[in-house]
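K.L.:
Could you build the full structure based on these sequences and the hints that come with them?
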Amino acid sequence: MVTIRRLIVISALGLIHLSSGLHGAMNLTRLNNEVSLKPSYHPGTWLQLSVLGEGGIGNRSYNEDGNCVNILQVLTPNQNAIAMLKGFPQCSPITELLNRICATDNGVRGHLVPSAELKLDYTLSWGARYFFTENLSFQVYLPFYSIRLNNVSWCDLTKDITQCDIDVKENITDKIYEIAKDYGCGLDLGGWHRQGIGDLSLQIEWMQDFKQEKPFLKNICLGCRSSLNLPTGLKKDEDKIAALPFGNDGAVGIMLGGTLIATLGDYIRTGFDIRLEYIFGNERIRRIKTYPDQTSLLLLQKAVVYREWGIIQQFNLFIDLINFYKGFSGKVDYQYLKHGEDSISIASNTFSTTIANNGGNLNDWTVHSIVAKVGYDFGYHLNECAPVIPQVWIYGKTPVNGSRSTMFISAGAILSVEF
Amino acid sequence: MKTALNRSNALKLMGCFLVFSATTYGSILIEKFPNSLKDSGKTTPFFLSSKIKQTAEGVFFGAHPSVNETDLAQEHSLSRIPFENHCFPIAPKTVALNGEMDKPNPLYDTGISHLDLLSTEKDSTFMEQMQGRRLKTSIVAVTTKDPSKICLLENELGNSVRVTESINDAHGNPTKEIIKITGASGDKSFVVAAVTNDQGEFGKNGSGLAVVNTFKHVTGTGEVKEFFFGQLDGQFGESEKPRSFPLDIATSAAKIQGDLAAMGSVVDMCWDPTLNRLYVALHVTAGAQEGDGARALIIAGFATLDGKITLLPIAPDDLFTGNNQIVGARGANESVSLHSVQTMWTTMKMPYLVVVGGNGKPEETKNCVYALPLTNHREKTGDVSNSIIHGTLAAKNANPIEFYSESKPATPSFLLNRVIHSPALIADDAYTSEINQSNAPILVGGGPLKAGDIQQIFIKGDAIHALVIHSKDTDAPGLYHSQALFDAQGKVSAWTNWKRTAHLDNNVKAVALDRNAESMITFSGVDEDHIDTIESTLWYSGQKEGRIAQLNNEVQKLLPKEVGGVQGLFEFSPETTPGIGDMTILVVTGLKTVLVVPTDHKDAAIARDLKQNPLRIANLKCDVLDKIGAVSTVDIVPDLIHGTGSLLFVGGTKGVAVLTDEQNKGWNIEESLSENENTQHMTFKIIGNYRSISKVIGDGHYLYILTKESLDRIDIRDSSFTPITIVRACDFAKPSCFFSDVLVSRECILLATNNGLFKKEIASDWEQIVIPGNTQTVYSLSAASVTGRAQDLISDVGGMLYTLSGLQSSNRSSFSRLAVSLTDSGVKIDPLPDKMLNAIPQPFILFDTFKKYCVTDGASYFHASERNLLTHPILKTGVARLFKELPFDFSNASSMTTTLYNNSLNSWIIAGDFGIKGNE
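Line by line, the protein sequences are chains U and A. First residue of the first sequence? That's 1 in the numbering used here, and the numbers climb one at a time after it. First residue of the second sequence? That's 420 in the numbering used here, and the numbers climb one at a time after it.
Be aware that a few hints might be false.
As the list claims (entries may be wrong) - For the chain U half of the interface with chain A, some residues (derived, Cβ under 7 Å), not all of them:
#1 Glu96
#2 Thr104
#3 Ile161
#4 Thr162
If you are wondering where the hints come from, they were derived from the structure by calculation, not from laboratory data. Note that beta-carbon positions come from the ideal geometry of N, C-alpha and C, so glycine has one too.
P.N.:
Shown next, in the form of structure tokens:
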């Protein structure tokens, strides 16, 4: 039996913080799955080092109704190129262009359907955990991502019937790339490739076992944790569409979490985990709406904006099969994550904060996902006094539902060594 | 390029008439009276009086005087239609009578001789009418059963009634008959009744005006008595035996020099709550002596609140020197006959007295309508500074003074009204009935209404509608319209010529206009004494069968929503289109399509034939139109080269074309649209190398072609139709300038641009026209001219220009009015003094949404917003902040092309990608 080997499943801010903070205007989901992917450790370990490698298999995006859509159609099915020109000062070139076309929005005129492929090239994440005592540890995590947006296309829905249609086509939609670049402070409507580190996470965690002398319930493990997320990650690129931040978009975050795990018999363990994260508001130049009908990808105006972030809530339910065959273990985890509604304040009176807040990219978003993993603990064959105990895990994860969010379908491996 | 109209593709003009079964009746029967009658097509089993009254709350009417205790009318002897399709009785069998419960109702099952309304608040202004503001209204009536008593219904339900004792004449004897009543609502509310003497004579000794109190009575000691509804003493105010104020041939306000020879028993009265003046219109004949004269209009004022009347002359004796001064005359036995009187407050906030009648015998004057300016000496406090001349005829050359509310710190002052203080004192101060330029400001319709005698007039906004039921021409009964045109001071400078806005069935004897829903309620019967059918027009929304529905059905087949629907809708009539002949046509355009619908003809027989026979539509679709793309603009100009026929020009997204035959001869529309004429030889020919045409408009010898980038002109006397560029957008100072609309009148060009409005006369440079408060793009221009033709905007008597400006980026629009006049130094265009706050000129209407268009006939204002993402198109009416949305379902529509009034279809019709909708 592996009674001593408490395969503690830790709920702290993610070891595999690979996707932490992949949220932003396009609501890409956080992919960190701490409870599922964080390696267990053995009693007596004073240091654990981990590395994760992951590759993207696909991508799944959900709109407001929970339907699967293209990554660029998460917030609206199409983008409004007429509304894009509204809300600017009367004598500005943008308004002059708008007045020239004098076209009203009939639902298709000036509407463009964008589509693209979002691809996760790879994720690397490093983690280190130092144990002060058997129950108290300090952890550091740093991820690195490589993501690209390919095959971007903009399909013009404008008909070719009325003078308004022709005006809109000739003046706007036929040259949407040029207009976005010229009038939109360099907004690039094409694809991109971005890579860089994510936010650095510093975490302290306490976990304690409470043995149970009952026929079936053998152990209760309680844990709590807190972390500080530092804004080292790549920020959202405001000049590219759906160019997500690799962290909290330059904001500092703090997290509190708690876990309860029950060990049932010799092989089964189940429990839940709760995580709440508060991100401190931050100010930076962002794209804003200048007119209520504007759509999220065609925002021409940039302004210094203070963003108040919504609370992040994450709930996990999981079941483990521990050491079911000579050191092999398995796990299935259901995760629900919700990011509350954000709000912004414009640091000037030139544009309306009310209108700027009327944006779908500020609404709350959710993700439901499933993670499954299997792993092998070399400690099963090693002496308890072995100086190094390695573990290796492979996993796969997939979203099953959500709203206003995008998430990768991916697979990866985790290697950890304990000292 | 020339392409023959192709027969096989239904391109022939004549051969492709699309024929429908014509149903010319689009109105619906008012229900509620016994439903069993509905199948008979009648509303009531008894006859109704033609004396109807309407407010913003609805239409009130009574049973005919002959319907007395016949057990037919019962509680319907007095009824109300609240501008819905139902009629509500308001004369229940038992009521609270003079404060006592469950008493027999004197109005139950009786004929109604006279009826009027009494607003316990001040009468609604035009703004309030347009807002549909509900007023608290009481009804006053005189029954056939008791013709000397006045009944008051204290509320719309009619369950509380008060009735007077018999009204006394000027001698204190009970009158034999009340011949007219009117509600006078002002600081206090009265009912004024014109009464005969005890012998039943009016105009003779003893007849007069009685005043009936309708408020809590306060005695001289300050004691407040219970509600008192009874006659006051019109002569001294307080008397034990109340009397009427004498009104007869010896009344000094009516006679000039000697007593009148006669005063007819036809009286009309009108109370103006703002001026606090009662106007009494009479039929009078001057005495037989030289120098004798007569005034057919007198003013009654209430000197105190106790009912004491003061009668004042409408103008002094010295003003009347001849027999053409409308409200009076001097000369032995001269007659003056006024049949109707109403006051009109224009949107420029000036009062006018609108009278039907004039100098002459009653039968000679029933088709004349005049609008006479009035003085106003009412102070801000409500006091009248000079009661002798307050409300009298104003001097014709006097200019108005703007009158503002008190300005307080942090409170802006509001424009209350424009007043003229100078009365007309001598003949030179007064207008006459002579039809000439100097009298244009008072000649409603430009002169007498030739169609026939006027039965009713309706004042709405700046327009007057006249109802003709007995036409001299058998086909001319209908509703006629004339609109006031203003000068830069806000005075009326002229009236548009009479234009028929509704053809009415010969059986229609009375009409009410729904001021909120722009609908019409008609009262029909075999004659005025046998009215038994009430019908209401409806805004057509696709379910009813009528001429508009038929037109819409075909238009939707040829121009479905998928191809943009109707992209242009134009009416060309003989009055507005030189060279068109005698036929009126409606032109509907869209993608590669031009449809021509003959709707009316000057010849009554042909017109009748057009209306009674199936609606015919000529489809001009052809190969050349395929190249023109979406046709959005059309104009018809006379063929000046050959002297006959017309040239029909069309402009679209990809060019301009003209319809001619192989010899470049114009189209004889009238002949072509007759059933047996073959016009296959007509072809469209492309002109120049154009695209994105905003407008084509003809004026004089030229056709003007407007695109966003340039304004070109074609000399239509030259068959080569070679365009010459007049101005390019890039010639204007601002590089991003573009053109949006153009109007041309007498070769004066008015050009709407994103930099404002510009004017160019012959041999002069472009000059910018100031539009109040506008720094926005001017998107469209429209005009009101005497003839009704936009190209006649510049005329000797003036015209009005409308501009619609907007700012899409902030979703706003504004509608402004400008006065156009022709002076010795050229064309002068000045904004009308539409002011509200602090004397700052501003647009007439400010919209909080971007409007595609705004059109008006002076009475109605239609403005439309197109689809804006999730907001479907909306068509509204009104000028104030609370606009009224018309009951159309535009949820599947995207664009609104235009709204125009088509008099042959009797309707405002609305076009867009949904097809055509209207009110019929």
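K.L.:
Would you mind marking each hint as holding or not holding in the structure?
P.N.:
Now the hints, each set against the structure:
no., hint, result
1, Glu96, "holds, 5 Å"
2, Thr104, "holds, 4 Å"
3, Ile161, "holds, 4 Å"
4, Thr162, "holds, 5 Å"
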